Amino acid sequence: MKKFEVYRNIRQRAMIFGLPVSLFALMMIAIIASLLVIIFSFGFGIIIGALFFNSILYIGLTKFAQNLKPTQFSKVFPKIISNKKSSELHYEQD
Numbered sequence: 670m671k672k673f674e675v676y677r678n679i680r681q682r683a684m685i686f687g688l689p690v691s692l693f694a695l696m697m698i699a700i701i702a703s704l705l706v707i708i709f710s711f712g713f714g715i716i717i718g719a720l721f722f723n724s725i726l727y728i729g730l731t732k733f734a735q736n737l738k739p740t741q742f743s744k745v746f747p748k749i750i751s752n753k754k755s756s757e758l759h760y761e762q763d
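Using this note's numbering, you'd call the opening residue of the sequence shown number 670 and step up by one each time.
Hints were generated in silico from the structure; no laboratory data involved. Heads up, none of these hints are tricks.
Listed next, with one range per pair, are the computed distances between beta-carbon atoms:
| no. | residue 1 | residue 2 | range |
| --- | --- | --- | --- |
| 1 | A734 | L704 | 22 to 28 Å |
| 2 | L720 | K748 | 47 to 53 Å |
| 3 | A702 | S756 | 41 to 47 Å |
| 4 | I708 | E674 | 45 to 51 Å |
| 5 | N736 | I708 | 32 to 38 Å |
| 6 | F686 | K748 | 36 to 42 Å |
| 7 | I685 | G714 | 26 to 32 Å |
The structure displayed is predicted, hence computed values, not measured ones. Just so it is clear, CB atoms sit at the ideal spot from N, CA and C, and this is done for glycine as well.
Make the full structure from the sequences, and use the hints.
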């Protein structure tokens with residue numbers, strides 16, 4: 670019988686429209702903001718500008734996502750986990 674490993678890191682490589690989830694969320698925020706700008710200041714130039722800005726942003730984010738290397742600047746988990754308050758104040762004298 671086959672054994673299957675549990676793949677817990679699926680969110681690290683999840684892609685939506687060729688973008689990682691965090692960059693896709695940034696793209697959706699930009700699209701919603703541009704729709705609000707179009708609604709409240711309706712003009713043909715603004716519509717063309719918003720389409721141009723969103724397309725340039727999408728192209729830039731896909732290029733950035735292709736060159737993105739996973740970098741981790743600090744450790745995720747500490748060496749010691751404790752409930753004790755961590756304070757630099759020492760009340761005892763040596």
